[in-house]
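K.L.:
Chain residues, written in single-letter form:
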Amino acid sequence: MFIAEVIGNVWGTRKHPSLEKRRLLLVRAIDPMTEKPLGEAQMAVDGGVGSGPGSVVLVIDEGGSARQILKDKEAPIRAVVCGIVDSVSMGGKTKRYA
Amino acid sequence: MFIAEVIGNVWGTRKHPSLEKRRLLLVRAIDPMTEKPLGEAQMAVDGGVGSGPGSVVLVIDEGGSARQILKDKEAPIRAVVCGIVDSVSMGGKTKRYA
Amino acid sequence: MFIAEVIGNVWGTRKHPSLEKRRLLLVRAIDPMTEKPLGEAQMAVDGGVGSGPGSVVLVIDEGGSARQILKDKEAPIRAVVCGIVDSVSMGGKTKRYA
Amino acid sequence: MFIAEVIGNVWGTRKHPSLEKRRLLLVRAIDPMTEKPLGEAQMAVDGGVGSGPGSVVLVIDEGGSARQILKDKEAPIRAVVCGIVDSVSMGGKTKRYA
Amino acid sequence: MFIAEVIGNVWGTRKHPSLEKRRLLLVRAIDPMTEKPLGEAQMAVDGGVGSGPGSVVLVIDEGGSARQILKDKEAPIRAVVCGIVDSVSMGGKTKRYA
Numbered sequence: 003m004f005i006a007e008v009i010g011n012v013w014g015t016r017k018h019p020s021l022e023k024r025r026l027l028l029v030r031a032i033d034p035m036t037e038k039p040l041g042e043a044q045m046a047v048d049g050g051v052g053s054g055p056g057s058v059v060l061v062i063d064e065g066g067s068a069r070q071i072l073k074d075k076e077a078p079i080r081a082v083v084c085g086i087v088d089s090v091s092m093g094g095k096t097k098r099y100a
Numbered sequence: 003m004f005i006a007e008v009i010g011n012v013w014g015t016r017k018h019p020s021l022e023k024r025r026l027l028l029v030r031a032i033d034p035m036t037e038k039p040l041g042e043a044q045m046a047v048d049g050g051v052g053s054g055p056g057s058v059v060l061v062i063d064e065g066g067s068a069r070q071i072l073k074d075k076e077a078p079i080r081a082v083v084c085g086i087v088d089s090v091s092m093g094g095k096t097k098r099y100a
Numbered sequence: 003m004f005i006a007e008v009i010g011n012v013w014g015t016r017k018h019p020s021l022e023k024r025r026l027l028l029v030r031a032i033d034p035m036t037e038k039p040l041g042e043a044q045m046a047v048d049g050g051v052g053s054g055p056g057s058v059v060l061v062i063d064e065g066g067s068a069r070q071i072l073k074d075k076e077a078p079i080r081a082v083v084c085g086i087v088d089s090v091s092m093g094g095k096t097k098r099y100a
Numbered sequence: 003m004f005i006a007e008v009i010g011n012v013w014g015t016r017k018h019p020s021l022e023k024r025r026l027l028l029v030r031a032i033d034p035m036t037e038k039p040l041g042e043a044q045m046a047v048d049g050g051v052g053s054g055p056g057s058v059v060l061v062i063d064e065g066g067s068a069r070q071i072l073k074d075k076e077a078p079i080r081a082v083v084c085g086i087v088d089s090v091s092m093g094g095k096t097k098r099y100a
Numbered sequence: 003m004f005i006a007e008v009i010g011n012v013w014g015t016r017k018h019p020s021l022e023k024r025r026l027l028l029v030r031a032i033d034p035m036t037e038k039p040l041g042e043a044q045m046a047v048d049g050g051v052g053s054g055p056g057s058v059v060l061v062i063d064e065g066g067s068a069r070q071i072l073k074d075k076e077a078p079i080r081a082v083v084c085g086i087v088d089s090v091s092m093g094g095k096t097k098r099y100a
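Residue numbers (my numbering), protein chains in the order written: chain A, 3 to 100; chain B, 3 to 100; chain C, 3 to 100; chain D, 3 to 100; chain E, 3 to 100.
Just so you know, these hints were derived from the structure itself, not from any lab.
Take the hints with a grain of salt, since some may be wrong.
Given that identical chains are not distinguished, each listed pair holds provided it fits within a single copy or across any two copies.
Claimed, not checked - In silico lysine-lysine, DSSO-like type, Cα no more than 30 Å apart, as pairs: (1) K38 x K95; (2) K75 x K23; (3) K38 x K75; (4) K23 x K73.
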């Protein structure tokens, strides 16, 4: 599980049926205290928490978990946004996102 | 799941039976806004979306998902092309591929 | 499985129900002899060992294992703190944490 | 799945029973057009395609797939050689291995 | 699966019950011909092959395999020592460990 910022959307008309009703997001891992981007953008699906570009979110990156969250045993999906981050505390400091 | 460009084909006559009816593709992750290649080429199988060299695609890289898409519980495959990308938007800009 | 230090907490109100009763931790892998941080912080859930910021812990990073520890077949969680490190020995030296 | 060259063999007498009848290979990922090595050597098991040192092969690196190929639900194996590469084409060029 | 050297032990009293009867080892991947360390130390559990500090071993790093070797469907373990390396051959040279 990692903390990421939602940075974009992806659209495609030809895709697997399980993906048709899903919002495809581009997310990028960030350092939760400094918001510094870590690594490249990757794709994720919103897991019912209502995230969109600008949201700071929890992403779970494992197929079994993704299928549990989406309640779809056949979803060909590995990374799902499963929470919205309100705040993070580290070393006595707190960073608020909400 | 990541966005990639299909960059080549691979052929082999001696291979596992489940691979025999599959088109073996070489894909490389790209930055979806700049098309800059990210990392090395890897192999994937077309999951019925009709991709080929030059296509910009969604690749899912997890065994359970791959077997769902291919409707083959025994397929020894981990990465499958599961969609064709039409467009990507990020930071107010949109990149169109189709 | 790796050795990490718990370095922070994460809070969010909108999240998947399985996460609601869990303490969300930020952990960072460390070299167990020198305590040097290795790589970026990642998220984990306490698996009933009572860890918190400052604890040096064992983290298991695999979905099937996480669900076993939490005794929740539906938990969308991949990394769980499954032990507290008392000491580590390497090359004839011992480092004590407890 | 990736393309690799078989570069060596590994022997051990004390090992898990499922490994006893398997040929243990050292493989290293290569760029399929230039044969440039990518990353470190890793271990794989031949999945019935008759590979050996010098072979250019397809390696699948996922536990579920490995157990399917080996037809052994209990095999503690993650990487299996599942095909021999005959040729690769990319950007209008073709590299032949067989 | 990779080749590693066992470089240390880890102890902890508060841990998940499945870990209680296991010997926790620190292993580090090595180049099997030169013994050069590759990457950071990680944790593994001995899978009944009797390894300890100084042993050159085969490590399997996948949850399903780990649970097969340990014959414990609930073990929250991902990396297990599943063999002792006797020798490795590459490029006409042989390196003996036993």
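K.L.:
Look at each hint and say if it fits the structure.
P.N.:
Here's how the hints hold up against the structure:
Taking CA atoms no more than 30 Å apart as the test, K38 paired with K95 passes in both settings, with 16 Å inside one copy and 21 Å between copies. In this assembly of identical chains, K75 and K23 lie within 30 Å of each other by CA distance both inside one copy and across copies; the values are 15 Å within and 24 Å between. Taking identical chains as interchangeable, the C-alpha atoms of K38 and K75 are never at most 30 Å apart, the minima being 35 Å within one chain and 34 Å between chains. With identical chains, the CA atoms of K23 and K73 are at most 30 Å apart both within one copy (13 Å) and between copies (20 Å).
When each numbered hint is compared with the structure, a violation occurs for hint 3 only.
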